[in-house]
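> Reassemble the complex: the two chains are provided individually, in unrelated frames, and hints are given to aid placement.
So you can see what is in the structure, the chains are spelled out below.
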Amino acid sequence: MTPRLADVWVYLAATPLLWLTVTLVVYQGAYWLYRRAGFHPLANPVAISIGVLVVVLDVSGTPYAAYFDGAQFVHFLLGPATVALAIPLFAQLGKLRRAWLPVLGGLFVGSVTAIGSAVGIAWALGASPTTLVSLAPKSATTPIAMGVAEQLGGLPSLTAVLVVSTGIVGAVSAKYVLDALGIRDHAVRGFAVGVAAHGIGTARAFQVSEEAGAFAGLGMGLNGVATAALFPLLVWLLA
Amino acid sequence: MLAALTLFLVFQLAGEVLARALGLPVPGPVIGLAALFAVLALRGRVATEVRETANGLLSHLSLLFVPAGTGVLVHLDRIGAELVPIAVALVASTVLTIAATALTMRWLARYVREEAP
Numbered sequence: 002m003t004p005r006l007a008d009v010w011v012y013l014a015a016t017p018l019l020w021l022t023v024t025l026v027v028y029q030g031a032y033w034l035y036r037r038a039g040f041h042p043l044a045n046p047v048a049i050s051i052g053v054l055v056v057v058l059d060v061s062g063t064p065y066a067a068y069f070d071g072a073q074f075v076h077f078l079l080g081p082a083t084v085a086l087a088i089p090l091f092a093q094l095g096k097l098r099r100a101w102l103p104v105l106g107g108l109f110v111g112s113v114t115a116i117g118s119a120v121g122i123a124w125a126l127g128a129s130p131t132t133l134v135s136l137a138p139k140s141a142t143t144p145i146a147m148g149v150a151e152q153l154g155g156l157p158s159l160t161a162v163l164v165v166s167t168g169i170v171g172a173v174s175a176k177y178v179l180d181a182l183g184i185r186d187h188a189v190r191g192f193a194v195g196v197a198a199h200g201i202g203t204a205r206a207f208q209v210s211e212e213a214g215a216f217a218g219l220g221m222g223l224n225g226v227a228t229a230a231l232f233p234l235l236v237w238l239l240a
Numbered sequence: 008m009l010a011a012l013t014l015f016l017v018f019q020l021a022g023e024v025l026a027r028a029l030g031l032p033v034p035g036p037v038i039g040l041a042a043l044f045a046v047l048a049l050r051g052r053v054a055t056e057v058r059e060t061a062n063g064l065l066s067h068l069s070l071l072f073v074p075a076g077t078g079v080l081v082h083l084d085r086i087g088a089e090l091v092p093i094a095v096a097l098v099a100s101t102v103l104t105i106a107a108t109a110l111t112m113r114w115l116a117r118y119v120r121e122e123a124p
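If you read the sequences in order, they're chains A and B.
Numbering of the first sequence is given in the numbering used here, commencing with residue 2 and proceeding in unit increments.
Numbering of the second sequence is given in the numbering used here, commencing with residue 8 and proceeding in unit increments.
In case anyone wonders, no lab produced these hints; they're calculated from the structure.
Just so you know, even glycine gets a beta-carbon here, dropped at the ideal spot from N, CA and C.
Where hints are given, some of them may not hold.
What the hints assert, rightly or not - To give an idea of the interface, some chain B residues facing chain A are shown, with a C-beta separation under 8 Å as derived from the structure:
#: 1; residue: L25
#: 2; residue: R27
#: 3; residue: L29
#: 4; residue: L40
#: 5; residue: P74
#: 6; residue: G76
#: 7; residue: V79
#: 8; residue: R85
#: 9; residue: E89
#: 10; residue: L90
#: 11; residue: V91
#: 12; residue: A96
#: 13; residue: V102
#: 14; residue: L115
So here's chain B without its partners, still in its complex pose (with noise of 0.2 Å):
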């Protein structure tokens, strides 16, 4: 587990170093993702013990985002002042955007398929 957690640690920290030092709008564990998964690619195999600790860290990752959403404290009165446009428009958006990029998915796999000989 601790080797495989540091392999998370090393690829997400060369990834800060890379936005950094080239001015890269992306955040660092996003590159880390991308990195370890050409690693991965091109080794074509993930050890047991990494599976298992990504598995681990990511079966409870929605625990990962309440210190964040807590910090609703803060703006209590922001969105107490604007509820109905943040509201009307995260719910909306939120649905509008699962609509929009499953159908168009369905469409272009339709396509897809019918390019395939």
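In isolation and in its complexed conformation, chain A is listed as follows (with noise of 0.2 Å):
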């Protein structure tokens, strides 16, 4: 670089700008290619987004904090989505409450599930013990499984990936493993992807209909509730 280029280098590397402004226009080019893709699960947003800036970071040799100063903005703006996810779901009030058995049954076998089978499978296949505590509340919401993981000595920020690799895992496969058990119903198939893959699995149910929106958002939601319940729980019943 010439004594110019790197003066600007240093001067935005400072600042929260640069990274902000990659992760929007990295994301919106994903964006862009799911939706050439025909919204097809394969060419989720999220996997790619985080792929290209991986790469990006690796060759401009910049720390993920650095990275994390700036695009902090955005991970911040997950509180609020949470809280508004609250919107769609009154929309589906009536539903709601003829469907209170299915909807609270379907959340206790899909959260002890989810928790069971994947501390089963990684503890057979070898897994540490950090990491297990850290894979345990992989389908709650990133804010709720990293405060879970760290309570009980797991790694917050490496329980943040798996989440995220969860949420891609469930958006990705939902249809065909929904549509291979001849599930129709939307509001089933909604709920059903915001149990096991949290507010990745609700931004794609959106994309799909309003009504699996609104139900796998409220899966998200109370899979969190039972997530931040059961697994304490299910530690202390096994120590």
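See the structure below:
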């Protein structure tokens, strides 16, 4: 780099502007691809964005902490977006009143399956205890999963990565799993994706239908609460 | 848009305060979601502005997970060393969870329908 370019880089690297902008530009590009692919689940925009960003950060020698200084403004919006899920959920109030038993039953079985099968399979394949605790709350939404993992001796930042990976797997695979089982009700499809794959699954469900999205948001919120309650209980029972 | 965004932040803040004051293991935004839902259910309607802002915020919900996911950079060594257990557990458990949740709901929905007069 010429001295002047190097000066520009030093300036940019010290402000949040650069990585915030890069995050938005990369996501727009990934979303454009996703739309071009006819919203095919395999062209998941979160997975593509993360892949591109990891390469960009690696090539430019930028540490993750410096990147996050800029990207945290996007990350922060997870909070108000979670609160905003109350609005599509309210629109489904009538359906929710009729379906409270299937919802609560599905939630309980789904939440126990999410924690139990993840820990059981990873343990059988020889994962370390730290990884097991970090992996267990993977189906809950990021802030809940990170909090629960930290309380019980996991690595919150590893949990965040595993949670996002779970969301991508859920968003990509849900259509095939649910089609194979012959589940057609959009409320059931959405709820199952929300329980298993939190906000990323919910984002995917909203692209399919408003009803699926609303029930996915419900599944995400309820499984957040269920994971926060069940996971410490399971650890206590097994310890 | 500003009023609606403020509304969401106020509920999030109230949720955070409640979670900390009472030592609840549930994060603030989830309590805020439950509280806002309760208020809407009591009130029976949503202002257009609030609905439009929520739609705007939620239409790109997946963007909001990108910064956390990029943290994979920090954990490449651990994930590389334990790739098989992590990858198999993630994929199998997620597929099992979707299937178990959906099948339980379908089964219970049938039961409810048979019970209904």
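> Quick one: which hint numbers does this structure break? Sort them smallest to largest.
1, 2, 3 and 10
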